[in-house]
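Engineer: Sequence:
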Amino acid sequence: MQFFDTYASASFCDEMVDKDRNVRAHWKNLAAHLERLSVEELESKQAEIAWHLEDNGVTYNVYNDPEGEGNRPWSLDPIPFIITKEEWKSVKQGIKQRAKLLNFILKDLYGERLLLKENIIPAEVIFTHKGFLSAADGMGLREDFQLYFYALDLARGPDGKMWVINDRTQAPSGLGYAIENRLTMNIAAKDFYEDHEVKKLFPFIEEYKKLLKKLTKGDTSKAALLTPGPHNETYFEHAYLSSFLEINLVQGDDLLCKNGSVWLKSLSGLKPIQTLVKRLDDRFCDPLELLEDSKLGVAGLVDCVRQGNLAMINPIGSAIVENIGLNPFMERICRFFLNEELILPQIATWWCGQEKELTFVMKNFENFIIKKIDKTESIQTYLVKNLSEAMKEKLQKSVLDNPHQYVAQEAIDFSTTPFYGNGKIEPRNAVIRAYALKKNENYTVMNGGLVRVSASKDALLVSSQKGGTSKDLWILGEDKKNENLPNYAALPFIDASLNTLPTLKAENLFWLGRYLSRAIHTLRLMRYTVKKMTDFHHYEGSVSQESKRTLQKALTHVTMTYPGFLDEETAQNPLLEIASLMKDAHKQGSLAFTLERLGNANLCVKSLLAIEAWKLFEQMQKEWKQFTKKPNTPVRSMLSELDKVLLYLVAYKELVEESMYKEQGLIVYDIGFKLESALLTLSKARSLLCFKYDKAVTYDILEAFLSSSESFNAYRTQYKSSLQLENVVEFLILNPHFPKSVAYVTQALLEDLKALPKRKTYLSAYEEPIFQAYSTLTLSNLASLMLLDENESFYKALDRLLAQLSEHFSLCSVELSKTYFSHYDE
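Under numbering that gives the first Met the number 0, the residue at position 179 of the sequence shown is numbered 178, and the numbers go up by one with no gaps.
Just so you know, not all the hints are guaranteed correct.
Heads up, simulated BS3-like pairs for lysine-lysine below, C-alpha to C-alpha not over 27 angstroms straight-line [what the hints assert, rightly or not]:
(1) Lys-552 / Lys-759
(2) Lys-438 / Lys-530
(3) Lys-44 / Lys-27
(4) Lys-374 / Lys-396
(5) Lys-759 / Lys-817
(6) Lys-84 / Lys-209
(7) Lys-216 / Lys-189
(8) Lys-106 / Lys-221
(9) Lys-294 / Lys-209
(10) Lys-621 / Lys-586
(11) Lys-27 / Lys-189
(12) Lys-652 / Lys-621
(13) Lys-643 / Lys-605
(14) Lys-530 / Lys-694
(15) Lys-423 / Lys-438
(16) Lys-552 / Lys-370
(17) Lys-270 / Lys-213
(18) Lys-362 / Lys-84
(19) Lys-95 / Lys-106
(20) Lys-661 / Lys-547
(21) Lys-530 / Lys-547
(22) Lys-552 / Lys-213
(23) Lys-817 / Lys-605
(24) Lys-629 / Lys-614
(25) Lys-757 / Lys-817
(26) Lys-614 / Lys-552
(27) Lys-91 / Lys-270
(28) Lys-547 / Lys-374
(29) Lys-221 / Lys-91
(30) Lys-294 / Lys-216
(31) Lys-396 / Lys-213
(32) Lys-84 / Lys-160
(33) Lys-691 / Lys-294
(34) Lys-586 / Lys-221
(35) Lys-652 / Lys-739
By construction, these hints were calculated from the structure, which means they are not laboratory data.
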């Protein structure tokens, strides 16, 4: 098929074809290959690429997603963006120059401020910008206050050269996606473009590792990547990069500032951190000196930098050099610091804080794009000619009221590039994000980058948040022999033991176990209760009203959703309460509430799990959300959904437990799961087993207790008799050999707790209650527990035992949290 017969571009310039519609020399091989393909072949290749990305879990979190999905799969076009090595050589020189220049500006603004003293930059451009942080004043004089990592957005301008669109300095993103794009293309499109020699990306990653090694004085275990957390839009990349760079991925709660230094809270105690790769916006880094209501940073972080005990990539305060208000003065700054002319052109920009420039902008308002200089705010870019008259007047007033906050930029058309979609190849606007690292007194530039493409043919805005897709950037040319191959034999040993497991990740593993156990126990009891309430299986025989009410109350006690079925009005319409218990995510203890918390824990430990585990969980979440949106769900649909979710969770549990080994954190998950299982079994036993019923009701209740614990068949095998209370108590409470019994779980917990770091030669505060539970169970006498006076209807001794055991397990959880998650002893 002739893909390019209908290829046309409204752009003045296209990357693939010249103004006479002839294919450019460096595109000819690729264009010829695409021309030989059928739509089916190209569609198949696109599907293969999408499958690889999905299989690797590559996502981009979208804020305020109207579909409510949030986690949007990353997309990659099968057609790369191509640049010749000759052109890239000059572009690299321009990137190095700009990185060096911005580094000079950064150090000067937080140091001597010569740019202000010499009137090269107006003071208002700096001091009215929220990116300038007074807390960092004077740090520019420090040796380790450097723009270590720099990114910029480029596009081909009207003169055929690459132009600078934006500078990215405070927390440059996209590097991980660029690497993943290249790896995916290497696998999925290797057979597509065999005759192309492309520069490799690995040398840049190796340089990044060398930089970290230098900053940590050879011990990269003292480096970490600071992420806002799993809900951040580029969290996938944070986890991905930390793995590539062989450093810990941490959140603010994982770190502690103490005695002027930063420490990583790990299960074995505090570990020193000397270098942070910061993926947090500056103002959120320290609630003590910066944004006081930030929950993402670490109190005292700025002071640790001030005292010289922490290097940051990039330093706090670097947002100021993203300031677009600097653009009109960049030529003068370049001559001042480097005595050179700018190599890379930039969009003509007028800062409105100067009278002459403001007059010019107002006179030619229709021809400009208006922007605020401060990108730390949520801002809009205004293409004036597309605004209504009312909007123009409002914008003009805003500019005139606060002229120092605005710049006007020339409206420029940039080049288009071939993009495949919907069975055809068409031109789309594209922006390149390139990357540079500080190396001694200069910068090294990656031979590639991330290309982002507009969401539609007519869209000028290129944004991943707005639904754009991506491309791999190919710099044509051969690398030096073996330049791209890291020396894997020389890679340092990565300590992935419990000793180095960050506290927050350990805590999330603990709660993953607890919420998963809670969800499974809740589901089983709820499913059984609904079946008995509605006589769902008629052949099982009818169930007395007393049995049904007892089961309903037990469900309230186990989920702790009071008053629930203890309220007489609720008892009159039990299915309404069941529906609420299933679907109401605001009701603490409901199934929906528990699944939501389980989802958060799953998200936080996603990087530790097998891909199959979290893909299964995401599918379950998707179907569960659809179910909870349905009003007036019939009983049959309720039961069907409960069965389905239970199967999902049991399968997920197995995948979690085979994803990790104990030293990686599985033991922390396991402790959480066992603690919750014991607590819920005890709660259910207190609700169902401590009351004396008549014979028929007793049979119903004992069957409910065993069946909702998935232990009925095991009981029958063990006892080969009819259901008797003393046998059930022995089996699920006192039996040290049955894996679901409280006694068995207690023994297993004692062994698990011994494997944790910080363990003493004597019983710790969290081991002692479990040992007491073990002793209590071992010394318990079944006959004494079953004693009942003639006029009594409540087994007091049994209830007292169950209550004591619950207290022991609860105390263990509290003491464990204090020791390992709160670090109260440090």
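Engineer: Checking one constraint from the list: CA of Lys-91 to CA of Lys-270, max 27 angstroms. Satisfied?
Structural biologist: violated (39 angstroms)
Engineer: Decide if the proposed pair is consistent with the structure: Lys-661 and Lys-547, CA atoms, cutoff 27 angstroms inclusive.
Structural biologist: At roughly 42 angstroms apart (the allowed maximum being 27 angstroms), Lys-547 and Lys-661 break the hint.
Engineer: When you check the alpha-carbon spacing of Lys-44 and Lys-27, does it fall within 27 angstroms?
Structural biologist: Answer holds: Lys-44 to Lys-27 is near 20 angstroms, not above 27 angstroms.
Engineer: Take a quick look at whether Lys-643 and Lys-605 sit within 27 angstroms of each other, Cα to Cα.
Structural biologist: Given pair Lys-643, Lys-605 holds - Cα atoms ~22 angstroms apart, limit 27 angstroms.
Engineer: Tell me if the straight-line CA distance from Lys-438 to Lys-530 falls inside 27 angstroms.
Structural biologist: violated (68 angstroms)
Engineer: What's the verdict on Lys-374 and Lys-396, does the C-alpha distance respect the 27 angstroms limit or exceed it?
Structural biologist: It holds: about 20 angstroms lies between the C-alpha atoms, which stays within 27 angstroms.
Engineer: When you check the alpha-carbon spacing of Lys-621 and Lys-586, does it fall within 27 angstroms?
Structural biologist: Within the cut-off at roughly 20 angstroms; holds.
Engineer: Does the structure keep Lys-530 and Lys-694 at a Cα separation of 27 angstroms or less?
Structural biologist: holds (21 angstroms)
Engineer: Next pair to validate is Lys-270 with Lys-213; report whether the Cα-Cα distance is within 27 angstroms.
Structural biologist: The given pair, whose Cα atoms are some 19 angstroms apart, holds under the 27 angstroms limit.
Engineer: Checking one constraint from the list: CA of Lys-95 to CA of Lys-106, max 27 angstroms. Satisfied?
Structural biologist: holds (17 angstroms)
Engineer: Lys-691 and Lys-294 were given as a pair; does the straight-line alpha-carbon distance stay at or below 27 angstroms?
Structural biologist: Answer violated: Lys-691 to Lys-294 is near 52 angstroms, above 27 angstroms.
Engineer: Lys-759 and Lys-817: Cα distance at most 27 angstroms?
Structural biologist: Between Lys-759 and Lys-817 the Cα gap is close to 16 angstroms, so the pair holds against 27 angstroms.
When each numbered hint is compared with the structure, violations occur for hints 1, 2, 7, 9, 15, 16, 18, 20, 22, 26, 27, 28, 29, 30, 31, 33 and 34.
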